[in-house]
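Peer 1: Grab the two chains, each in its own frame, and use the hints to assemble them into the complex.
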Amino acid sequence: MMKLALDESLLLKVDKPAKYTGNEWNMVRKNPDEVAIRFAFAFPDDYEIGMSHLGMKILYHTMNKRQDTYCERVFAPWTDMEQLMREKKIPLYALETYTPLSEFDLVGFTLQYEMSYTNILNMLDLGGIPVLAKDRTEGMPFVLAGGPCAVNPEPLADFIDFFVIGEGEEVIHELLDAYKAWKASGESRDAFLLKASGVSGVYVPSLYDVFYYEDGTIMDIIPKNAQVPDVIKRRIVTQLDEVDFPEDIIVPYIGTVHDRIMLELFRGCIRGCRFCQAGFIYRPVRERSPEKLLELAKNSVKKTGYEEISLVSLSTSDYTGLPDLCNNLMTFTEEEKVNLSLPSLRVDNFSLGLMEKASKVRKSGLTFAPEAGTQRLRDVINKGVTDEDLKSSVQLAVAGGWTSIKLYFMIGLPTETMEDVEGIGDMGINLIESCRGLENKEGKSLRLTLSTSCFVPKPFTPFQWEPMDTIETLMEKQYHLKDRIRKRTRRIDYNYHDAKTSFIEAVLARGDRRLGAVILAAWKAGAKFDGWDEHFSFATWQQAFTDCGLDPAFYANRRREYSEVLPWDHIDMGVNKKFLVTESLKAREGDLTRNCASGCSNCGAQVYKAGICVRKKNIDEKDR
Amino acid sequence: MPKALRFRFSRGPELKYIAHLDMLRLFERAIKRAGLPVAYTQGFNPRQKLVFGLPIAVGLTSSSEYADIEFDQDISTDDYIQGLNAHLPEGVRVMEATAFSGKDNIMNQVASAKYELSFTTEDELSHFALENMVRDFLAKEEIMVMKKSKKGLKPVNIRPLIYSLTVRKAEKKSCILDAFLSAGAENNLRPDLLMEAFQKETGMTIRVDAMHRTALFASLMNEWKNPLEVANG
Numbered sequence: 001m002m003k004l005a006l007d008e009s010l011l012l013k014v015d016k017p018a019k020y021t022g023n024e025w026n027m028v029r030k031n032p033d034e035v036a037i038r039f040a041f042a043f044p045d046d047y048e049i050g051m052s053h054l055g056m057k058i059l060y061h062t063m064n065k066r067q068d069t070y071c072e073r074v075f076a077p078w079t080d081m082e083q084l085m086r087e088k089k090i091p092l093y094a095l096e097t098y099t100p101l102s103e104f105d106l107v108g109f110t111l112q113y114e115m116s117y118t119n120i121l122n123m124l125d126l127g128g129i130p131v132l133a134k135d136r137t138e139g140m141p142f143v144l145a146g147g148p149c150a151v152n153p154e155p156l157a158d159f160i161d162f163f164v165i166g167e168g169e170e171v172i173h174e175l176l177d178a179y180k181a182w183k184a185s186g187e188s189r190d191a192f193l194l195k196a197s198g199v200s201g202v203y204v205p206s207l208y209d210v211f212y213y214e215d216g217t218i219m220d221i222i223p224k225n226a227q228v229p230d231v232i233k234r235r236i237v238t239q240l241d242e243v244d245f246p247e248d249i250i251v252p253y254i255g256t257v258h259d260r261i262m263l264e265l266f267r268g269c270i271r272g273c274r275f276c277q278a279g280f281i282y283r284p285v286r287e288r289s290p291e292k293l294l295e296l297a298k299n300s301v302k303k304t305g306y307e308e309i310s311l312v313s314l315s316t317s318d319y320t321g322l323p324d325l326c327n328n329l330m331t332f333t334e335e336e337k338v339n340l341s342l343p344s345l346r347v348d349n350f351s352l353g354l355m356e357k358a359s360k361v362r363k364s365g366l367t368f369a370p371e372a373g374t375q376r377l378r379d380v381i382n383k384g385v386t387d388e389d390l391k392s393s394v395q396l397a398v399a400g401g402w403t404s405i406k407l408y409f410m411i412g413l414p415t416e417t418m419e420d421v422e423g424i425g426d427m428g429i430n431l432i433e434s435c436r437g438l439e440n441k442e443g444k445s446l447r448l449t450l451s452t453s454c455f456v457p458k459p460f461t462p463f464q465w466e467p468m469d470t471i472e473t474l475m476e477k478q479y480h481l482k483d484r485i486r487k488r489t490r491r492i493d494y495n496y497h498d499a500k501t502s503f504i505e506a507v508l509a510r511g512d513r514r515l516g517a518v519i520l521a522a523w524k525a526g527a528k529f530d531g532w533d534e535h536f537s538f539a540t541w542q543q544a545f546t547d548c549g550l551d552p553a554f555y556a557n558r559r560r561e562y563s564e565v566l567p568w569d570h571i572d573m574g575v576n577k578k579f580l581v582t583e584s585l586k587a588r589e590g591d592l593t594r595n596c597a598s599g600c601s602n603c604g605a606q607v608y609k610a611g612i613c614v615r616k617k618n619i620d621e622k623d624r
Numbered sequence: 001m002p003k004a005l006r007f008r009f010s011r012g013p014e015l016k017y018i019a020h021l022d023m024l025r026l027f028e029r030a031i032k033r034a035g036l037p038v039a040y041t042q043g044f045n046p047r048q049k050l051v052f053g054l055p056i057a058v059g060l061t062s063s064s065e066y067a068d069i070e071f072d073q074d075i076s077t078d079d080y081i082q083g084l085n086a087h088l089p090e091g092v093r094v095m096e097a098t099a100f101s102g103k104d105n106i107m108n109q110v111a112s113a114k115y116e117l118s119f120t121t122e123d124e125l126s127h128f129a130l131e132n133m134v135r136d137f138l139a140k141e142e143i144m145v146m147k148k149s150k151k152g153l154k155p156v157n158i159r160p161l162i163y164s165l166t167v168r169k170a171e172k173k174s175c176i177l178d179a180f181l182s183a184g185a186e187n188n189l190r191p192d193l194l195m196e197a198f199q200k201e202t203g204m205t206i207r208v209d210a211m212h213r214t215a216l217f218a219s220l221m222n223e224w225k226n227p228l229e230v231a232n233g
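In order, the protein sequence lines correspond to chains A and B. 484 is the number that our numbering gives to position 484 of the first sequence; each next residue is one higher, with no gaps. 188 is the number that our numbering gives to position 188 of the second sequence; each next residue is one higher, with no gaps.
Incorrect hints may appear among the rest.
What the hints assert, rightly or not - Pairs of lysine-lysine residues, derived as BS3-like cross-links and limited to a Cα-Cα distance of at most 27 Å, are as follows:
1) K114/B x K154/B
2) K13/A x K200/B
3) K154/B x K169/B
4) K49/B x K13/A
5) K13/A x K150/B
6) K13/A x K114/B
7) K169/B x K140/B
8) K391/A x K482/A
9) K169/B x K148/B
10) K154/B x K200/B
11) K65/A x K195/A
12) K140/B x K154/B
13) K140/B x K3/B
14) K302/A x K3/B
15) K49/B x K302/A
16) K13/A x K148/B
17) K391/A x K406/A
18) K13/A x K140/B
19) K49/B x K88/A
20) K88/A x K147/B
21) K140/B x K103/B
22) K224/A x K57/A
23) K303/A x K49/B
24) K49/B x K298/A
25) K134/A x K89/A
26) K13/A x K151/B
27) K337/A x K49/B
28) K337/A x K3/B
29) K482/A x K444/A
30) K13/A x K172/B
31) K13/A x K154/B
32) K444/A x K65/A
33) K303/A x K148/B
34) K233/A x K609/A
No lab work stands behind these hints, which were simulated from the structure alone.
Pulled out of the complex, with its shape left as it was, chain B reads as follows (with noise of 0.2 Å):
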């Protein structure tokens, strides 16, 4: 049995309101009520190794989000699965696990992310307008939108940040995009600002009703991994 563990986690709309590091101490107080033989980091101020793949925005919802963790002693993934599960609260779920080598952690490896984006016009947009409207906006050699950033706002061209973007549905006013965007510590593109910049582009008034993660994918070889298969590299 394995001591450490790669998982896949799920983030439903009952929990889409909180922040990124509340969604880790969420998990660690989960861990603890579960009383799972966590590994701690050592100091003063011990941490449960715990790492995330990718921050999770507010707003957002997501079916794949992934982290590694370490124990203490040797854990199956089926005790890990459902005793952390009893101890989670409704919105996120543990889907599954696999043994995790512990060698390069999941933060480090995610380099892209699949989205699903709903969002309502302000008039009503047939499916091939709207494919019209993605074609031109991914012709464009340069999408400038300002970026936060450490040191404030700054200009970045997002658009070789976007693999792809395709219509999914329009009808009437209500549209879906799929969106396959550069993830990760480097090259992030949040979807929120992708719309952002798709409104801004096209001069359409656009509301964004959900966004929603479908996958993370690692990068081996120059191919996307599915990150579970990746945890033992």
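Bound-form chain A, shown alone (with noise of 0.2 Å):
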């Protein structure tokens, strides 16, 4: 085994040099040569978005509670330190014990967001690993990704070997079970493929032909032998309180974007808004106890000395034993001096009780997210809040003593006309004016930021087929927007996205595996943290398209038939085709879909008899 020796006038010349040492409390130790599996787990961004992410920490956890394997963490080095790396020869290495990625059995990736996908690259160039799957030979590392890019594996079908669709708990078992099996066998690297390809929720994408039409549509996926599966199914776990959950995460030694204890409440969400990936790909949604989570938030501070809790969830305030938990909680966390924050409460169920007691912190920010400026394009979304419903939340607030509120949108909707934009803007106006009076007696008025983003159209969500709206529409929205806004009010501060890295993740989105070639031009070319504005090109994205042949508006501008096939096709979500065409069809009608805590609207996720589906299943029966 190799271990790097770091050198020392190396760190002190780069920014933060703790990312790069590794030894933080909880850290795992093993001796690595006792162990059958090395496996890296990859964050394909900086160490400080990293570390914040709770999925890494339940299967580094998950992973290192097995004797046999010993997984490390990697993380994408800035680009101070990825130029010293490279002057000095240094290959990417794992924290836990300086040993460059190409000697891990293997290499894990986690696909959060598309614009981390030339990082990929980057990293294995760095760690040593061709960059393409098919250039890997016997002995070289397998490269494996999951996470909720994953359900589109397509456009980075050339250099992942394997995929892991859904959540890895328990699949991950098999497939480590299945590696040691055939590294013990000898075997060839194309017959652990094959091999990992009968592992449920495994998708191996050099086992498939992908079949195109004249015009760049797709005419079929196939696999490439009858031992294949057709389509390759989403793994759950069915019961949260039965599966592992860290308590004894790592505290790094600087500062990450969520630097306190996760404590996941649910996974899931029963609301269905049309445009949120998140809220189809993760169902059906399932509870953790709260006796459960008490015991977690517990043993987490003990084991941590962390200073603070944050209740994470798709949306929070849907918890079922909400008030019961946070009151349990809060008598904890009173008494240990330990903060608790409660993020993302919807504006329908907000309580505002809840958090003044909650948030023993300066009463700064307020974050809501209407999504949309008009009713009716909320009914398209089939976000289910009304302008009252925000109107009493923000003056509640208000008056409460909160000064600082965030209003979150998106522009470029399905449906939407400049009308609805310049909603976005008089919803603003009219929260300013409806507060007027009820500000706190210091006499700081209410500030009102809002913020909007640009629909991207997801794999699996009901606006799969829409074409996203032109970065010269979406532009001239913004300006419109701003204009309008600045031309009636000082008191609102408005923001928004980048245009052309909504665009490129877009793209990425909804891509097929021909992309491949497309990141690989920009990676060549120097693209990497695309999404990071200071780093992102667009000229060298735009180049790549050229160079490649291949028209970026294709996949992002266009409209979709029904009866297309979708580069995603073969990957089964649980969540089925015929649910997505009606609620489409529901959208561009306005009409509204009731959540699954109303009733079911038979998405297809029941398939999986877990959660709700169950849960609500037995309630029924019982009422009869």
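Peer 2: The structure is reproduced here in structure tokens:
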């Protein structure tokens, strides 16, 4: 085994050198010579982002509980460090043992954001692993990937040996067992890939052929041999209370984005907002019990010394036992001097009292996400929030002493007109008006921030067939809104996301495997950290598309037919296409769909026989 | 048994890449893990009553860092040292502790510091030659460097802040200087700044290999005192 000796003069030249030295509290220490499998969990972004990721903490803990496996961590070095590493020929290494990436058995990337794809290539290259899967030979690591973006794995098909679709806690054990058996057998690399394809939830892209029509759309996606499944079924954990959740999480030395204990209340979301990929790909809702959560919270504080706990889930206020849980948690956190933070509460069941009690910290920012500026458009996206809901929430908050409120919207939603865009600004102005006289005595008046992101249609949502607005249209809408707000008030800050970044994100999100050539070309031309404004170069990507003879608008701005074969049609997420088509048609009519707690809409996730699907059924049967 | 302690701790090379505030947080979390009955400040955002003597910059190791801590109940120095050390990561260790009166905190008391500065020169240098350079350097009335302040860079004369500078070793290209410098909230001289000035004034090209803080002193009646000795003052 090779252990790198890190050069001091190198580390003192880079920003935040502690990102590259490991040794944090609760880091797992094992003797690499005493394990059968060495796994590098790779996060294709900066340490400060990656160390905030709950999924990594879960899988690190899960894998390291196995005696036969040592899971270590790898992050994308920031550009200052990368430059020095390349100059001094230091390969990318894992933080636990400073072992180069190329010496691992398995290198697993988590795909949280399309704009981190070029970082994957860069990390492989820095780690001494060929970026193209076809160039990897016997004895080299297998490169796998999972996470939300893996629901459409196709754009990365050239680089990744196999994908894991869905939640990893259970399938990872099956994979590691299969790997160990294969390693002992001495069989070929191809033999392992074939074996892996037999593990439910695992997708080996090289074992499939994709055929195209002349117009560039897909004719069919077909397995190369009969042993390989036609459809890859997403894996989920059915009982959250029974699956391991880490209490002894690594405590970084330097501040990270989410530097606190994250308590995952539940997975999935009952809401079904039609733009939201997370709302569909994590179904059905499965909750942890309040007793389990309280136990996890107490043990985590003891084992980490963290001063803050945040409740994380897609829509925290939908947790069925929230008041009880919060009361019990707060008794404990007050005693222990721990902060409890409650993110992303929904406007419609927003509980100010809860916020008041929970956040002992300054009453600084509150955030709401109405997503669209008019009722019509909110109905289109199935966001069941009214102007009245929002007004009363904001009034309550302002009267309660909050003076800075942020509202999140999207621009470019399907069916959007300029009137809807103007509605965003009007909503802000009306809110400011309606809060006059309610502001606190200290004379601090309400400061409103409106933020708009660009709507990006995502796979497995009812909007997966929708064309994205062109960059020009998005920018026109942004400028129009900016202008309109500025003319009418100074008390609103308006900011918006870069449309060009969102455009590339949209191409990659719904792309097919031909995009591999574009990603490779962009990376070769220097693209990395594309999600960071200071590094993103639109021109580099444009050139890559031109060089590869592909039109990005084909992927981003084209309306797809319901009958078209989509690049991800061989992936089965539980939620079925029939349901998504129905939702897409209802969206055009502005028809709302009830949420899972109110009643089942037959989305397809019932096949998992888990969580709310089962719970609701039991209640319904009892009623009968 | 005391309700407040002053303690000395060390920081090894394992943790030299961490900035001052990260170091403080590292202690706060270790104290929490250890379950020590630390006292908290009042208010919306309670903080542990823990004060460090002097910020410890990135790249610096030390055998003599001092801090004050207050508790809600009495605690013995042994319980404190053992309890906390069990929860501190490799690289930081509490070495000794003593009762603290709670009057004048360590941050206000620290007035000077000793450093061991190791560096490599481009050309070979004799002990005698380096001593001459140091003597010439100290003979200057003014040594101006640009110091970072809240308002940006401003020129500062650091000569009065250097109490002594002596050669410990000069063998081939590898040298060690012992420096005794003004420290504390008001007139702090960071050793990296001293080395920068030394490089500039002597015209040598050097590579700093290690900077190690060996002692911190409080000033009492014109005398340098070990901070633990004046914890009850």
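Peer 1: Need the status of pair K13/A, K140/B: alpha-carbon distance at most 27 Å?
Peer 2: violated, 31 Å
Peer 1: Just to be careful, I want the Cα atoms of K13/A and K154/B compared with a cutoff of 27 Å; is the pair within it?
Peer 2: Cα-Cα ~23 Å, so holds.
Peer 1: Would you mind confirming whether the straight-line C-alpha gap from K65/A to K195/A stays at or under 27 Å?
Peer 2: holds, 24 Å
Peer 1: For K302/A and K3/B, compute the direct alpha-carbon distance and say whether it is at most 27 Å.
Peer 2: Holds. K302/A to K3/B sits at ~23 Å (cutoff 27 Å).
Peer 1: Hey, K169/B versus K140/B, does the alpha-carbon distance stay inside 27 Å?
Peer 2: Judged against 27 Å, a Cα distance of about 23 Å means the pair holds.
Peer 1: K13/A and K151/B were given as a pair; does the straight-line alpha-carbon distance stay at or below 27 Å?
Peer 2: With a Cα-Cα distance of about 24 Å, the restraint between K13/A and K151/B holds, given a limit of 27 Å.
Peer 1: Would the pair K13/A and K200/B pass a check requiring their Cα atoms to be no farther apart than 27 Å?
Peer 2: OK: K13/A and K200/B at ~20 Å, within 27 Å.
Peer 1: Run the distance test for K13/A versus K150/B: straight-line Cα separation, threshold 27 Å.
Peer 2: OK: K13/A and K150/B at ~23 Å, within 27 Å.
Peer 1: Take a quick look at whether K140/B and K3/B sit within 27 Å of each other, Cα to Cα.
Peer 2: The given pair, whose Cα atoms are some 48 Å apart, is violated under the 27 Å limit.
Peer 1: Is it true that the CA of K154/B sits at most 27 Å from the CA of K169/B?
Peer 2: Between K154/B and K169/B the Cα gap is close to 33 Å, so the pair fails against 27 Å, i.e. violated.
Peer 1: Do the alpha carbons of K169/B and K148/B lie within 27 Å of each other, as the hint requires?
Peer 2: Measuring from Cα to Cα gives roughly 31 Å; hence the hint is violated.
Peer 1: Tell me if the straight-line CA distance from K88/A to K147/B falls inside 27 Å.
Peer 2: violated, 32 Å
Of the numbered hints stated above, those contradicted by the structure are hints 3, 4, 9, 13, 18, 19, 20, 21, 22, 32, 33, listed in ascending order.
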